[in-house]
Amino acid sequence: MQVNEKKPLIVAFCCNWCSYAGADLAGNNRLAYPADVKIIRVPCSCRVNPMFILRAFQRGADGVIICGCHPGDCHYTSGNYFTRRRMAMLFSMLDYLGIEKERTRVEWVSAAEGAKFAATMNDFAEKVAALGENKRLEDLRCKK
Amino acid sequence: MKVSYFPGCTLKTKAVKLDEYARRCAEVLGVTLEEIENWQCCGGVFTTSKDEVATKLSSVRVLKAAQDKEQVLVTVCSACHNVVKQTNHQVQTDKEFADKVNRYMAAEGGYDGTTKVYHYLELLRDVVGFDKIKEKVVKPLNGEKIAVYYGCLLLRPGTVMKMDDPENPKIIEDLIRALGGEPVIYNKRNECCGGYVTMENPAFAEKKSQSITENAKSFGASRMITACPLCKYNLEKHEEELPVVYFTELLAEALGVKEDADESAE
Amino acid sequence: MSQQNNNLKEELIRISGVNPKKCMRCGKCSATCPAYEEMEYHPHEFVVMVENGNIEPLLNTESLYRCLTCFACVERCPRGVEPAKLVEAVRLVATRRQGANHMKADDVPAKLDEDLPQQAIVSAFRKYTK
Amino acid sequence: MQRIGVFVCWCGSNIAGTVDVQAVSDALKNEPGVVFSTNYQYMCSQAGQNMIKDAIKEYRLTGIVVCSCSPRMHEATFRKTAQAAGLNPYMVEIANIREQCSWVHKDIPTGTEKAIILGKAAVAKVNLNAPLTPGESPVTKRALVIGGGIAGIQTALDIADAGFPVDIVETKPTIGGKMAQLDKTFPTLDCAACILTPKMVDVAQNDKIRIFSYSEVQEVKGFVGNFDVKIKKKARYVNEDICTGCGACTEKCPQKNVPNEFNLGMDNRRAIYIPFAQAVPKVATIDPNACNMLKNGKCGVCAKVCAAGAIDYKQQDQIIEEKYGAIVVATGFNPISMEKFDEFAYSQSKDVITSLEFERLTNAAGPTAGKLLRPSDLEHPHTIVFVQCVGSRCAACAEKGKEYCSKICCMYTAKHAMLVRDKYPDTEVYVFYIDVRTPGKNFDEFYRRAVEEYGVHYIKGMVGKVTPEGKKLKVQGSDLIMDEQVHIDADLVVLAAAIEPDKSARPLATMLTASMDTNDFFTEAHPKLRPVESPTAGVFLSGACQGPKDIPETVSQAGAAASKVIGLLAKDKLTGNPCIASPNELMCNGCSSCERVCPYGAITYVDKEFRMPDRTTAIRRVAQVNPAVCQGCGACTVACPSGAMDLRGFASAQIIAEVDAICK
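Chains as they are written, first to last, in my numbering: chain A, 1 to 144; chain B, 1001 to 1266; chain C, 2001 to 2130; chain D, 3001 to 3664.
Okay, chain A solo, but in the shape it has when bound:
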């Protein structure tokens, strides 16, 4: 059998107003982070349905990170508070199912924090890579 040297796959949901702009700023400042991170733009972190995260893990993601505006700074006033509570519940359930807490994260990154975005992604990617490949929630029916 071939040794699988699969690179980790990380899905990052970024809110349009703060974190996606923060990611852009990281780009403007040429602050490198691993290409394993793929960003999906959502209007607000509270748009992220737990379903999306489950789907990502079913499809073979190794880590999922949600980035939003800092508490109190949400463009929609309070969306990130919902995110914080929803994800706290979801992540502990995932942990129970065997998806380690290090594979999931909620982080606040403002539009001015390009450096923080890059640092966060570097750190998260490193932690996820250290855990190795995630197979726990892969749904074979979702795979071809």
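Please keep in mind that the hints were generated in silico from the structure rather than gathered at the bench. Hints should not be assumed to be uniformly reliable.
Stated by the list, open to error - Within a straight-line C-alpha distance of at most 30 Å, the following computed DSS-like cross-link-like pairs (lysine-lysine) qualify:
{"no.": "1", "chain 1": "A", "residue 1": "K116", "chain 2": "D", "residue 2": "K3350"}
{"no.": "2", "chain 1": "D", "residue 1": "K3350", "chain 2": "B", "residue 2": "K1145"}
{"no.": "3", "chain 1": "D", "residue 1": "K3528", "chain 2": "B", "residue 2": "K1116"}
{"no.": "4", "chain 1": "C", "residue 1": "K2021", "chain 2": "D", "residue 2": "K3350"}
{"no.": "5", "chain 1": "B", "residue 1": "K1145", "chain 2": "D", "residue 2": "K3474"}
{"no.": "6", "chain 1": "C", "residue 1": "K2104", "chain 2": "B", "residue 2": "K1095"}
{"no.": "7", "chain 1": "C", "residue 1": "K2104", "chain 2": "B", "residue 2": "K1162"}
{"no.": "8", "chain 1": "D", "residue 1": "K3106", "chain 2": "C", "residue 2": "K2021"}
{"no.": "9", "chain 1": "C", "residue 1": "K2022", "chain 2": "D", "residue 2": "K3340"}
{"no.": "10", "chain 1": "B", "residue 1": "K1162", "chain 2": "C", "residue 2": "K2021"}
{"no.": "11", "chain 1": "B", "residue 1": "K1237", "chain 2": "C", "residue 2": "K2104"}
To be verified - In silico negatives: residues of chain B with every beta carbon more than 12 Å from chain C:
{"no.": "12", "residue": "M1001"}
{"no.": "13", "residue": "V1003"}
{"no.": "14", "residue": "L1155"}
{"no.": "15", "residue": "D1174"}
What the hints assert, rightly or not - Under 10 Å between C-beta atoms, here's a sample of chain D residues computed to sit facing chain C:
{"no.": "16", "residue": "S3392"}
{"no.": "17", "residue": "A3395"}
{"no.": "18", "residue": "A3396"}
{"no.": "19", "residue": "C3397"}
{"no.": "20", "residue": "E3399"}
{"no.": "21", "residue": "F3432"}
{"no.": "22", "residue": "D3435"}
{"no.": "23", "residue": "M3462"}
{"no.": "24", "residue": "K3465"}
Keep in mind that this is a model prediction, so the values were computed, not measured. Here a beta-carbon is modelled for each residue, glycine too, at the ideal position from N, C-alpha and C.
Mind docking chains B, C and D on chain A? Use the hints.
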């Protein structure tokens, strides 16, 4: 209330009175100072280098002793306080240092940085309370103008010592008010007196100390108080007009226990 | 910068924890230093010279033993550079070099007077010797 | 099935340097729905846009994917392009292969691989896109300006000039702000009052402008074009309509020892006061914390001497509700507290003052009637030391002060130094500086004049300690050029304190849902291209609330903000954002989960008649979204337990398609 107490070497020799008054006053105020057993000298100055470990172990042992007794650690001497508090801070914030220290300390059980370090003044302010001290005063200072000398060790670095605003401290001033005196606010009260450089270059220390006492005198101070034996030495060495005493002496005086202490010290 | 100077610089940065690049050259450390007049090299020069790797003159200057470690420069530096820690690191490197103790036990008796507190002697030893 | 066109941009070498653009367009050619794929040097250029337009027509495209820079940059551009070619603009998706790919990854294989995946995700999303049409909402043709300093005044005057009504809300009893406190202005040295007070009079006399002084904004609801604002008009215990501003009450009031905030506490005012002679509105205000009549009912002198009968001790706070189409924030700045910088002895000596206090000391209407006298003993100072950068340019780790440069201090310090030397040539003036920053028209010339013509001593270095002793202030500083520590016996020390946004800005930002930076300055929508707009639609920024600014800069920004407001108010209707929540009524069970999480109150319920499978009818309670109010955050879509609520443009199916594409 019982607290662990670290007097330090100078308080056992040249500054016996600083220690003795502190103990007497604590008794009056309902605090028992339990001297840590087999303590060693703190070294007098904190070495800021990250790779100096052995020289800080005596402080860590003191901190560990207080932790074992689940007590706060109280110091009186400014220098001891500075060394112990900075060492504690380094254990708390510098993981590499903490690991090295704990390898030395393995036989005694490790130390994790949780001991709270109070200067005697903080004990008076935060635990006893200046209001309570005010009630216990039997010989108020009757508005005597007293200059407080903080020096450098009590306040700096401010981010570590966290006793008071390092540029405009109030703690000893508030104590003097509680004792019925009038604090003299002068800006050189947190400038260095010349410290240990007095060994090599006494003329320099004299110059520094004199600029401090001159500044205090220009505001009409009749006495100066300090918490540090070395500051006291430097400040009074060439000073003829302004008496320099330990803050605990002033406290003992106001609380009416000064004479007792004087007798036992002799 | 020569390799040797660069190594020295790296060592000083490591043991002091100071990043001299944070300095914005305002000179407030030297403005606030109580030992300024006694020193050949002043706090801001320590920072700049370490950054430039020009360290040998610092290792040989008496200024190392004039710094009072009073932390006035640390407290007042607007950029959080902490020059006193850098001076301390240079002093340590100097005293750790063999035979570079600045004070010897034999020197002490001559310096004593009857009121001098122990604190002064132990402090001086800690600062001046290894 | 969609017919999708893919357009990969090189962005010169910005993308093409790290991403093999040909490989990307080739790879995406085989994705489901893609009928056309190409790449070009600059997609945003006219030629690039024409290429898109031609392809839309030629290949009858129903959706397009542009692999280029961030959608925050050019999404609007490409939507317009699509629209021009007859395609619904919401059938455009951007794959961000510049900021989030080529600029952050180093080697071509990695960059190319990621770009392809991002492209595939965008294609997967477009496959599920549906044409969207934005709704329309009316525009209330009235603007609100918050803050009545020079920024607010200029903005209000410019908006009123275009014919739109404007209200100014100012917390102080008068408009005028910081500029009213200044003496002269750099670099021309014309007097601040001479150029400001005529503008204040213009405001008072303009029938399009209403001034709510001594008032605060209490609540802001609504959205661009349709803000509902509650303004609290604090009781000033004087009837503004009747008071003539004669000032008789302010002379007779027996309560004489109230620190005068207009002179920064350097002299006293009465309990009833008019801040300064040219105040607008020129009416008296009673300070409830100082007035004996209000505190314990014993006095009443002002009511007795008021010929107009304007005093009203029973006056209550009043809430004014008004609708506005646009809001301009002009809340300004304050010098920071010198509390943490007591090495300069600010709290220990009256003769250590801030620069703003110095302005009052040299102002003819100030506490010393314009004579430069030191506050402690009213003697003429012969040596003055100015210290720059007090609290500015401090690293965060120093735990005090501000990280930024306050920008105006170099110039006003040069001005102060010059004015002192001009009026009192016997006075020696020293300025300690780290850098002298004079980028502005005639600024450096001004500073050089202070040195060369007026003989101000500029010392490169900083002051470390100020020690009051006797009648002198012993200043210890460093001279970095001479490499020496300097000691100056000064009579007066002036600190150029850093400036910070007004404290009211933070709660206001929360009310407006406008974003702020870590220093509490309002953030602009784009740092270069949209400097006077907040990211929140309909909220505009004027003056120092957005960052430190001098007067000319403030006035130009105020005018720019006004022109943006005018552009908005000139429209009769606004097109909204079509990416809003929409419920599937057949799935909705009327549980109210969505209503509870909606921050805008955009969701309501109606009882609707439905035909059931057995051909009977049933009345069910279902959610409805008000398209003018919904901002499209999507909180409701996740709260909905039945999955009835979805977000247009960011539908669950679309995001899942993206997830699937990324995780393939």
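ask   = Which numbered conditions among the earlier hints are violated in the structure presented, ordered from lowest to highest?
value = 1, 3, 4, 6, 7, 14
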